[in-house]
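Line by line, the protein sequences give chains X and Z.
According to my numbering, the first sequence is numbered sequentially starting from 1.
According to my numbering, the second sequence is numbered sequentially starting from 1001.
Any given hint might turn out to be false.
[What the hints assert, rightly or not] List of simulated lysine-lysine pairs, BS3-like, C-alpha gap at most 27 angstroms:
1. Z:LYS1457 - X:LYS54
2. X:LYS137 - Z:LYS1594
3. X:LYS61 - Z:LYS1594
[As the list claims (entries may be wrong)] Incomplete in silico selection of chain Z near chain X, CB under 10 angstroms:
4. THR1246
5. MET1249
6. TYR1312
7. ASN1459
8. GLN1498
9. ALA1596
10. VAL1597
No lab work stands behind these hints, which were simulated from the structure alone.
Each residue gets a CB set at the ideal place from its N, CA and C atoms; glycine is no exception.
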Amino acid sequence: MVSEEKRREILEKLKNGVIEFDEDLVREAANEALEVGMDALDAIMNGLVVGMEKVGELFDKGEYFVPEVLMSADALYAGLDILKPHVRKEDIKVSGQVVIGVVEGDVHDIGKNLVKMMFEVAGFEIIDLGKDVPLEKFVEESLNSNADIVALSAMMTTTMLGIPKVIEMIRERNPKAKILIGGAPVSKDAAEKWGADGWAPDATNAVKEAIEMVKSLKKEVMG
Amino acid sequence: MSSKTHKIIFQPEGKRGEFPEGTTILDAAREVGVDIEAICGGKLTCGKCQVIIEQGMENLSPIKEDEQRLLDKRKAGKNYRLACVTKFYGDVVVYVPEESRGGEQIILKEGVELSVAINPAVKKYYLELSKPHLKDDLGDLERILAALKEDYGIDNVEIDYEVLKKMPDVLRSADWKVTVSIWNDREIIDVEPGYRAENAYGLAVDIGTTTVVGYLTDLRTGEVLAIDSMMNPQVTYGEDVMSRITYAMQYDDGLEKLSQKIIDGLNKILENVCNQAGISTEEVSEMTVVGNTGMHHIFLKINPQHIAIAPYVPALHRSHDVKARDLGLNITRGGYVHVLPIEAGWVGADNVAVLIATEPYKQDEMCLVIDIGTNGEIVLGNKEKLVSCSAAAGPALEGAHIKYGMRAATGAIEKIRIDPETLEPEYKTIGDAPPRGICGSGIIDAAAELYRTGIVKKNGRFNLDLDTPRIREVDGTPEYVIAWADETSIGHDIVMTQKDIREIQLAKGAMCAGAQILMKELSVDSVDRVIVAGAFGNYIDKISALIIGLVPDVPIDRIESVGNAAGVGARIALISREKREEANEIARKVDHIKLAVHPDFEKEFSMAMYFPHMDRKRYPRHEEVLKMRS
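For reference, chain X alone in the conformation it holds in the complex (with noise of 0.2 angstroms):
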């Protein structure tokens, strides 16, 4: 068994290279606590997961832009890869399904490959849809899945008109899902309007929203 000071040395190591965006760090720290036999979901939820969230924080005061979330990303997913296969399968708690994707005829993925990731270190199971979707496969994948968010984005004028067609078609046949919308040209009266559950303009909002949102659907869940 690894012993306590060893364990919080590795965590700290793997919390680290994620907040200072270093996969190199992530990658050997990762690697030590397979060596030295950590349970790998304590070295992810403890280690990884507690640096993006300390990024997410960081992000959200502003301290943090694009750049940063994206390459500490990066540095997550490098450890995601060596740990994962590691987990047990009994032990993965999952808080839910999300069902994500940017809509077809838009290839503009940055924003969508954010909040995918935020759902993930919140524990959620992602589907991600990729980008250039097909509309009807949004409301596919959602019941095939029972997903409790579907999120969907947009990056221009004219792709965003298949947003509240997707939403029509999912109220129509999953009305319990949650729909996060998202993207620069969608505004917020146009949410509204087409009766979407979350909204953001743009990478940045995007984060907050999906923070907010896995908050409130964690509540919604623990009662």
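On the provided structure of chain X, position chain Z as indicated by the hints.
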């Protein structure tokens, strides 16, 4: 006919030949490939074909009254003769002066310096036809065609239907002396009464999302006779291209309305430039049009929807010629509009125009051509290979999304310097008026100066530890006061906020990442030259652009602003058929990189958002540049 032949030598080229006695100098010149300008085709009308006889003055046909009159009119010197009517009956040496030479080169010197051989698509030919009578009852058109062949060697020509309809009356009212306009050597697009061969005009148009510019151009000299510009009248349907395309998608008559707006606007420009030059709009023989892919499609009334949705396919890449009257444009009834080709997706005809005006594809040096705008187009390469991309920079660098951003107008802060010791700013406004906002060049200056003086860190975050009342936090958001309320004309402080800096980072990051990815695609670490196109480029401070990393690291003197190169490209296309071909070739040759789906884009974009870049190795001259400013 005498069987005797005589030698003729043309100077300064030294070309020579032997011809039967009594051949005209002009015919001999054409035969040996010496280009003498003879617009009227030897009708003793234009007097352009003057040559100087160096030897053999005595071997020539005598001067007649008509020739003498034209020589006098053109103030010709001694030993001058008109090549079209002067026959030689012995050996002669002829000097062709500069002004009589055809195939003239013009040197453009507005931002770009470029030499173009004049060869417009529309050429005018003066004809003096024999009047028909009972024994010569050849049809009017056939009479014209026969004369074209006889006088100018032109064959296989069709006629526009509208021109055909008016032709018989024009011929008779003009007593069979007419000027015929021929488009691309194959279609008669106008028949005008009298001698009009020296009155050949074209209109080059650059349809920008925001501004539309028209250049009335003399097709024979390339000279710009009048310029007019206006705000794109489509702005009432949306500030940017995307919202206009959305409008076209949402309403059945949307495309029709948008298109009509720009056609009306262009007719207005046409009218204005013609008024300025004192000609009528029907005297304009051709139009060339450039614009981004969205403007291009809307102008041509082609549904623009598909270029706005992945995979962003345009209706066509190649150039297109369409009758101006089919679009409702009021140039000559038979005239064409030539629309330049599209490279790919959003890299449109405007970018092709920039390329034919700057010719990076002819250079040894690695050139980066950037057009800074809401959608920034970037092209990198040299004569070996060219790659392009379009970067969604957003409108921040033009003043939108910036708290005190404004267009370049009176009272806009256009230049800012900050003292690194006192952190006090100095600024200059347009028209030296009290400030009311910050325009594009001021925004780039502000970012550069805030970063240089340490007020903003390389990651874009404000440094709140500095001791000056100009740095403060309002509702938790840091900002820097550029002008206090009492200095301004708006009554409150003009500031740059943290959010403004973030907007600049996003815009600058997109442009810079685009350039870096193109550099990777061509496996180069550096570029030799940066060419900044677009009117905006003229006003940007080069040092500031380098400080924030808007452009890749190059020596400061290798950054060139070339102004509205798209407009220059449109003018070049008007006067050169070769350049039109070149445009089509280049448009297909440029390799287009789709940034949004490029595997490195996210990482490059992140790194490029830093000042000047997260990877400092890519800006080896950075310290040097900072010193230049101080």
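Here is what the structure says about each hint:
1. Z:LYS1457 - X:LYS54: Holds, at about 20 angstroms.
2. X:LYS137 - Z:LYS1594: 24 angstroms, holds
3. X:LYS61 - Z:LYS1594: 33 angstroms, violated
4. THR1246: 4 angstroms, holds
5. MET1249: 6 angstroms, holds
6. TYR1312: Check passed: Cβ of TYR1312 of chain Z comes within 9 angstroms of chain X, closer than 10 angstroms.
7. ASN1459: 7 angstroms, holds
8. GLN1498: This hint holds: GLN1498 of chain Z lies near chain X, its Cβ roughly 6 angstroms from the closest one there, short of 10 angstroms.
9. ALA1596: 4 angstroms, holds
10. VAL1597: 5 angstroms, holds
Checked against the numbered hints above, the structure breaks only hint 3 and satisfies the rest.
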